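A.B. asks: Listed here are the chains, written in short residue letters.
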Amino acid sequence: MMFARRAWIVLWKDLLTERRSKESLNALFFFAVLLLFLFEFALGPDRERLTAALPGLLWLGFILAGLLGLGRTFLVERENDCWEGLLLTPGDKGAIYLGKLAVNFLLMAAVAIVLLGLFGIFYNVDLWASLAPLSIVIFLGTVGLASVGTLFGAMTSQVRARELLFPLLLLPVQVPVLLGTVKATEAVLQGLALAEVGHWLKLLAAADLVYLVVGILTFEFVLEA
Amino acid sequence: MTRWLGWLAALGLLAGLAMGFGVAPKDAVQGNVQRIMYVHVPSILTAYLAFALVLIASLGYLFTRRTGWDRLAHSAGEIGVVFTGLTLVSGSIWGKPTWGTWWTWDARLTSTAILFLIYVGYLLLRGMVDDPERGARYAAVVGILGAVNIPIVHFSVLWWRTLHQPPTILSPERAPVSASIGLALLVNGVAFALLFLYLLSKRLALRRLEEEIRA
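Chains as they are written, first to last, in this note's numbering: chain F, 1 to 225; chain R, 1 to 215.
Everything labelled a hint here was simulated from the structure, so no lab data went into it.
Only true hints are included.
Partial selection, computed: residues in chain R whose CB lies under 10 angstroms from chain F:
no. : residue
1   : 62
2   : 115
3   : 119
4   : 131
5   : 146
6   : 157
Nothing here was measured: the structure is a model prediction, and the numbers come from that model.
Cβ atoms here follow ideal geometry from the backbone N, Cα and C, with glycine treated the same way.
Pulled out of the complex, with its shape left as it was, chain F reads as follows (with noise of 0.2 angstroms):
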């Protein structure tokens, strides 16, 4: 209970952070946007090939969005001696790991429902029909993406070349997810049944038990001044 109680405090806190200086956010949705118009760029304006590549398109800008996004919920602990802060905090530092999670999640989810609808609008793709199986698909990989991004980002924000670190680490521990989650809302998108790509979701679903259990048994290492 105490567990659940101390993640969701940190969770709060940040939210606050995050409503009071709207900085991620803000930024998130705007890089969003600006992918959207490279990928454009680079591909062209046929719609054909932009419907085609859709699936790893979203992906790729999701996860190129987490690179910035997810190291940030550590740095601002930086600040003010609030690093030591968390140290302090009595109690399984797992729960610091699952608050910081939460927020991560929360934050990606809403990058990938904006960039969704930026799809949907500026590709005019119909994504309503296929809404209810792709955002099973979206939930499994952001946590994936959220487990591994948060930890990774709890080790990175303590050194030098953080920026140039954290996608080093994080990218190649991310391709089954990212294999997994095009695969899957490709076929969605296709109109497939979610049944078709069972074993992908049995493997998201598998991969994200795996990184979430890590996360919490080593987290207390990572935190640790």
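We have chain F already, so just place chain R on it with the hints.
C.D. replies: Chain R in isolation, oriented as in the chain F frame:
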């Protein structure tokens, strides 16, 4: 001790070469190119051994906080990357005449490449953290996550596509290879294991010296 290991490894490698070129028969379909397998397969097995050591040593470090475990994880990780690189390169050289291409996005090639990238990231992390104690902790976490990620990578890439012939040596059924080929492979495998131990003890000694200089 280390010196003896070195000589043993050198002898083993010579014997392996002799077996691979002298005793093992020329492949009926692929010709002499097939002999690269005597380097390719021991390399990847050695790399797996090294990464398993990284996992064990990482766990050991987080539980005991002894520098010795960290030294072992670091050294094994570096050697594992070298052998994974060797696997990729030797596979490429074999693939060009056999498959007609240096590289193809086949499942086993891709997952080996991802393995390579994950552990290159692991080594980069070690290089970028200034405080050695913190570096050891972070590296241990990445070492554990990297290892448990291997099966997930394996299945994801397997379902993505596959072209590589299924593994012959590590499959549950009896390997359908002739005795002389199996023997040549075994000699090379032992030689590579000796080489690994030699490199490991060298690297461990080097790490100790690095720590002395830093202290």
